[in-house]
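A.B. asks: Residue numbers (our numbering), protein chains in the order written: chain A, 1 to 76; chain B, 1 to 148.
It should be emphasised that the hints constitute simulated quantities derived from the structure, not laboratory data.
All figures in this text were calculated on a predicted structure; none of them were measured in a lab.
Check each hint, because a few of them may be wrong.
With a cut-off of at most 35 Å between alpha-carbon atoms, the simulated DSBU-like pairs for lysine-lysine come out as follows [stated by the list, open to error]:
| hint | chain 1 | residue 1 | chain 2 | residue 2 |
| --- | --- | --- | --- | --- |
| 1 | B | K46 | B | K146 |
| 2 | B | K81 | B | K92 |
| 3 | A | K60 | B | K146 |
| 4 | A | K53 | B | K46 |
| 5 | A | K41 | A | K60 |
| 6 | A | K41 | B | K78 |
| 7 | B | K90 | A | K53 |
| 8 | B | K6 | B | K146 |
| 9 | B | K6 | A | K53 |
| 10 | A | K60 | B | K78 |
| 11 | A | K53 | B | K146 |
| 12 | B | K90 | B | K146 |
| 13 | B | K78 | B | K46 |
| 14 | B | K46 | A | K60 |
| 15 | A | K41 | B | K81 |
| 16 | B | K6 | B | K90 |
| 17 | A | K53 | B | K87 |
| 18 | A | K60 | B | K92 |
| 19 | B | K92 | B | K146 |
| 20 | B | K46 | B | K6 |
| 21 | A | K41 | B | K92 |
| 22 | B | K90 | A | K41 |
| 23 | B | K146 | A | K41 |
| 24 | A | K41 | B | K87 |
| 25 | B | K81 | A | K53 |
| 26 | A | K41 | B | K46 |
| 27 | A | K53 | B | K78 |
| 28 | B | K90 | A | K60 |
| 29 | A | K41 | B | K6 |
| 30 | B | K81 | B | K6 |
So these bits of chain A aren't anywhere near chain B, every CB distance computed over 12 Å [said to hold, decoys possible]:
| hint | residue |
| --- | --- |
| 31 | M1 |
| 32 | N9 |
| 33 | R11 |
| 34 | F15 |
| 35 | D24 |
| 36 | T29 |
| 37 | V31 |
| 38 | E49 |
| 39 | T57 |
| 40 | E63 |
All residues carry an ideal CB built from backbone N, CA and C; glycine is no exception.
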Amino acid sequence: MPNRTIQNNIRRLRFNADEMTQQDLADRTGVTRQTIVAIEKGNYSPSLELAFKIALTFNKPLEEVFTYEQEDQNLK
Amino acid sequence: MSYREKENIINIFSGLFITGIFAWSIYQRHLDGRIDLTDDFQLWGKLFLIYAAVTIVARIVIYIVFSIINAIITREEKIPKEDERDKLIKLKAIRNSHYSFSAGFFIAIILLAIGLPSYSIFIVFVISGVVSELIDNGSQMYYYRKGV
């Protein structure tokens, strides 16, 4: 099975939601701003519950916020 | 630097400081002949209990001072609550520290088996306790920086 990683569109979704700040998103989902930063950077894969909370905050389905994509071989 | 990272740095230095001061004062008493650490296991037991009490009190004081200074500098009065990422990082760091303490325990048993004096196991316990604490806080800092 090819290597896959969890990617996210949180930065773009925040921008589309009137430039919602990371702190706003953190407050709405009940985590710290550092956790939102880590998720955006791809340094932390959130739990399923937190992923749903983030998707609900943007009123988007989960697969529009998070995707499970094949790793870019060029980045290696 | 996040609050948790600062907390880890404080824990590392306070752990080294408290243990260093305590070990140095006990060793001086041993050198002066006021206590004998080579053959008195009951004394070692008492020393470990005193060390635990001293550590708890000193840690509480250091933590309060750190929180006050941090609140003054950052102007954030609220201590950030622990979320799922913090808990995961803590769990992984505790796992790493348990591995290192277990290694210390194993080394202590080996030292006994090859004929070193019995009191050497207590010294190894103290050292492995400090090392495992360093690994605990160091691991947390690593996971906060590099991701988990």
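A.B. asks: Is the straight-line distance between the alpha-carbon of K41 (chain A) and that of K81 (chain B) 35 Å or less?
C.D. replies: Given that 35 Å is the threshold and the Cα spacing comes to 21 Å, the pair holds.
A.B. asks: Beyond 12 Å from chain B, beta-carbon-wise, is D24 (chain A)?
C.D. replies: Check passes; 16 Å lies beyond 12 Å.
A.B. asks: Taking only the CA atoms, is the gap from K53 (chain A) to K78 (chain B) under or equal to 35 Å?
C.D. replies: Answer holds: K53 (chain A) to K78 (chain B) is near 23 Å, not above 35 Å.
A.B. asks: Confirm or reject the statement that R11 (chain A) sits farther than 12 Å, beta carbon to beta carbon, from all of chain B.
C.D. replies: holds (17 Å)
A.B. asks: Within 35 Å, alpha carbon to alpha carbon, are K41 (chain A) and K60 (chain A)?
C.D. replies: Within the cut-off at roughly 20 Å; holds.
A.B. asks: Quickly compare the C-alpha distance for K41 (chain A) and K78 (chain B) to 35 Å and report which way the hint goes.
C.D. replies: At roughly 26 Å apart (the allowed maximum being 35 Å), K78 (chain B) and K41 (chain A) satisfy the hint.
A.B. asks: Does the alpha-carbon distance linking K81 (chain B) and K6 (chain B) stay inside the 35 Å limit?
C.D. replies: Given pair K81 (chain B), K6 (chain B) holds - Cα atoms ~15 Å apart, limit 35 Å.
A.B. asks: Mind checking the alpha carbons of K60 (chain A) and K78 (chain B) for me, to see if they're no more than 35 Å apart?
C.D. replies: The given pair, whose Cα atoms are some 31 Å apart, holds under the 35 Å limit.
A.B. asks: Measure nothing beyond the straight line between the CA atoms of K41 (chain A) and K87 (chain B); if it is 35 Å or shorter, mark the hint as holding.
C.D. replies: holds (19 Å)
A.B. asks: May I ask you to check that T29 (chain A) keeps its beta-carbon over 12 Å from the closest beta-carbon of chain B?
C.D. replies: For T29 (chain A), whose nearest Cβ neighbour in chain B is about 9 Å away, the distance does not exceed 12 Å, so it is violated.
A.B. asks: Find the nearest Cβ of chain B to the Cβ of V31 (chain A) and say whether that gap is larger than 12 Å.
C.D. replies: Nearest chain B Cβ is 4 Å from V31 (chain A), so the label is violated.
A.B. asks: Does K146 (chain B) lie within 35 Å of K46 (chain B) when you go C-alpha to C-alpha?
C.D. replies: Status violated; Cα separation ~41 Å.
Hint violations for this structure: numbers 1, 4, 13, 14, 26, 36, 37, 38, all remaining hints satisfied.
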